[in-house]
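Novice: Okay, here's what each chain looks like letter by letter:
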Amino acid sequence: MTQDTILKIDNLKKYFPIKKGLFSLSKDYVKAVDNVDVFIKHGETFGLVGESGCGKTTLGRVAIQLIPATAGTIYFMGENLTELNKSDLRKLRPHMQMVFQDPSSSLNPRMTVKQIVGEPLIINEKLKGEALNKKVIELLYTVGLNEQHLYRYPHEFSGGQKQRIGVARALALNPDFIVLDEPTSALDVSVQAQILNLLKNLQKKLGLTYLFITHDLSVIHYISNRVAIMYAGRIVEVSKTKELFEKQYHPYTKALLSAIPIPDPKIKKKFKPLKGEVPSLVNPPSGCRFHPRCTKKMPICSKIEPELKEIEDQRFVACHLYK
Amino acid sequence: MLQIQGCEGDFVKKKDLLSIRKLKTYFFTYEGVVKALENVDLDIYPGETFGLIGETGCGKSITALSVMRLIQEPPGKIIDGQILFKGEDLLKKSEEEMQKIRGNEISMIFQEPMTALNPVYTVGDQIVEVLLLHKKFLGLSIRDIPKYNLLKRRKIKKKIYQEAFKEAIEALRLVQISDPEKVAKQYPHELSGGMRQRAMIAMMLACDPSLLIADEPTTALDVTVQAQILELMKELQKRKNTAIWLITHNLGIVAEMCDRVGVMYAGYIVEMGVTEKIFDNPDHPYTRGLMGAIPKITEEKEQLEIIPGTVPNLIYPPPGCRFHPRCKYAIDKCKQSPPPLVEVEKDHFVACHRYEEVKHSVVVKRERKA
Numbered sequence: 122m123t124q125d126t127i128l129k130i131d132n133l134k135k136y137f138p139i140k141k142g143l144f145s146l147s148k149d150y151v152k153a154v155d156n157v158d159v160f161i162k163h164g165e166t167f168g169l170v171g172e173s174g175c176g177k178t179t180l181g182r183v184a185i186q187l188i189p190a191t192a193g194t195i196y197f198m199g200e201n202l203t204e205l206n207k208s209d210l211r212k213l214r215p216h217m218q219m220v221f222q223d224p225s226s227s228l229n230p231r232m233t234v235k236q237i238v239g240e241p242l243i244i245n246e247k248l249k250g251e252a253l254n255k256k257v258i259e260l261l262y263t264v265g266l267n268e269q270h271l272y273r274y275p276h277e278f279s280g281g282q283k284q285r286i287g288v289a290r291a292l293a294l295n296p297d298f299i300v301l302d303e304p305t306s307a308l309d310v311s312v313q314a315q316i317l318n319l320l321k322n323l324q325k326k327l328g329l330t331y332l333f334i335t336h337d338l339s340v341i342h343y344i345s346n347r348v349a350i351m352y353a354g355r356i357v358e359v360s361k362t363k364e365l366f367e368k369q370y371h372p373y374t375k376a377l378l379s380a381i382p383i384p385d386p387k388i389k390k391k392f393k394p395l396k397g398e399v400p401s402l403v404n405p406p407s408g409c410r411f412h413p414r415c416t417k418k419m420p421i422c423s424k425i426e427p428e429l430k431e432i433e434d435q436r437f438v439a440c441h442l443y444k
Numbered sequence: 318m319l320q321i322q323g324c325e326g327d328f329v330k331k332k333d334l335l336s337i338r339k340l341k342t343y344f345f346t347y348e349g350v351v352k353a354l355e356n357v358d359l360d361i362y363p364g365e366t367f368g369l370i371g372e373t374g375c376g377k378s379i380t381a382l383s384v385m386r387l388i389q390e391p392p393g394k395i396i397d398g399q400i401l402f403k404g405e406d407l408l409k410k411s412e413e414e415m416q417k418i419r420g421n422e423i424s425m426i427f428q429e430p431m432t433a434l435n436p437v438y439t440v441g442d443q444i445v446e447v448l449l450l451h452k453k454f455l456g457l458s459i460r461d462i463p464k465y466n467l468l469k470r471r472k473i474k475k476k477i478y479q480e481a482f483k484e485a486i487e488a489l490r491l492v493q494i495s496d497p498e499k500v501a502k503q504y505p506h507e508l509s510g511g512m513r514q515r516a517m518i519a520m521m522l523a524c525d526p527s528l529l530i531a532d533e534p535t536t537a538l539d540v541t542v543q544a545q546i547l548e549l550m551k552e553l554q555k556r557k558n559t560a561i562w563l564i565t566h567n568l569g570i571v572a573e574m575c576d577r578v579g580v581m582y583a584g585y586i587v588e589m590g591v592t593e594k595i596f597d598n599p600d601h602p603y604t605r606g607l608m609g610a611i612p613k614i615t616e617e618k619e620q621l622e623i624i625p626g627t628v629p630n631l632i633y634p635p636p637g638c639r640f641h642p643r644c645k646y647a648i649d650k651c652k653q654s655p656p657p658l659v660e661v662e663k664d665h666f667v668a669c670h671r672y673e674e675v676k677h678s679v680v681v682k683r684e685r686k687a
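Chains A and B are the protein sequences, given in the same order.
When you line the first sequence up against this note's numbering, it's residues 122 to 444, in that order.
When you line the second sequence up against this note's numbering, it's residues 318 to 687, in that order.
Simulated from the structure, these hints should not be mistaken for laboratory data.
Each residue gets a CB set at the ideal place from its N, CA and C atoms; glycine is no exception.
One-sided and incomplete, this derived list gives chain B residues near chain A with beta-carbon spacing under 8 Å: (1) 511; (2) 539; (3) 540; (4) 543; (5) 544; (6) 593; (7) 614; (8) 620; (9) 622.
List time: in silico PhoX-like cross-link candidates among lysine-lysine, alpha-carbon distance up to 20 Å: (10) 551(B) - 393(A); (11) 341(B) - 352(B); (12) 613(B) - 361(A); (13) 396(A) - 417(A); (14) 361(A) - 375(A); (15) 551(B) - 387(A).
Okay, chain A solo, but in the shape it has when bound (with noise of 0.2 Å):
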């Protein structure tokens, strides 16, 4: 593990089992996370895009342990999170933090504002009374907000609001590294920007490191510097951010491409939609899990797994089309 990694994921593995049968005896998995390897860098903000239910919001939440991991291993900051007890991980927990993405269920109704951005503040800090109001009003004010909301609960506030008190909160402990969960998919395009641009000036000022998991392609193209593409629970391309959007190598990320409408009426781009749907995650296809919809298909392919291999500089691809 180099210096400039935060963190590094190998083979990690999330298996959710399914109960069948009287007293549970028979069980099914649903992979939602398969052997998927990953790092991310210090500072920077990394990509992870997908349909829904392929596994992105998991292999999120694992990563920063909010869920244990069914194998595999999680280094963050030099440590492995999924060797750590209870009480080390909770002494690491104030440097990653989480935001997740629909504002007005993670925010507690019963809650005030100052209730919810100072709690990790009074467990992890100790903070009290006069100084307890001081960080949260300054916290407020860092994501634009201000000291009449302190006392005011989550249904007064407009979404875009709501998700400026989700990031307050991730921000109250001064993380490195900071998990953001569909951010902005609940939300209207003209405060998404707000949000948006919020976002990248903290990690400016801040100096933050950024997973950020969306379906939105566009977001990824303004906000991260290096993305990961998803398909039923394994990752099929890693590349920079300018580099993915000139050139695809995977047949799906190609599709998925495609596949999203660009607010731009002068490109017309050739359709050429995917067939089928996303695969079942519970009996997901043998071989590559993207087979049965894929037009380049080998006979190899739906035998043996590709692994994810660096093909140029920075370039993962797991595709049998590329040696």
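Here the structure of chain A is known, so what remains is to put chain B in place on it, guided by the hints.
Specialist: Only chain B this time, still in chain A's reference frame:
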């Protein structure tokens, strides 16, 4: 409107399929009167794809529901205005007459296909229901079956049903469902989201409507499935020459699908015109803000442009132009009277008091960039 030269050399006038004038829909709630629509003017031409865009709560869906006369009353009420469909005012029609238009002349696809389909009937039966209501089979409509002779009546009914079921299967085949015979006998919960939306489209197009209203048809779907559905809609439109009215907040879909676009803000249409014009050269300050706020794959931006403030509360909307509190061009006049939607160029409508100045400022900005 447009003058088109016909094959024989005579001039055929292209008429509006749907034109909405000064439509006003209010909701009377405990907190106060929600002025959801205020003077909405809108035209849809035959065979075109019209996109209506705007942020959440600006009244896009309410406009569509008003046209279908599906506003729940109370609390809602269409206060004033005209909705001309093929020259006839829908607001003057009785409920019975409306039933003949709904599903037959105008049909609507809803956002969430699971809630729009009936869970206790098979997909085929639901399509048959639409067909039986609006079409004749074996020269008979289900309403005209003679009332006497019960046994004979049953026999005819069964035959008509079988004919309709065959047509329902054809409708499912048309939307590229791979095994239509099987799907027609399945219940909605047995289908995936994409398949359900296909079934909905099949149902809506079964009677060859001249206008299809699609209210966020792909929001609940994955992007690759969304692309399939959009492609399908385009293809069917070509084949059946249906006008599509697409309601969405996804500007990407509008750019790809639509011929013309209307932009809505807080119950008003603020700008309407050809897609290229609206996207490349918008003249209303709100449209310009909206276009600046979307991240684009085609440009590198350090910062996105921002429209300050938030969407107004429609119980207490700002007086005059409803956008003025967020507008950097606002003058006193904007606070006093709402600007009318004016045709500033051919087929380009803008509702702004300071249209000339705003337009000029665009030019200045462009030159500076160059």
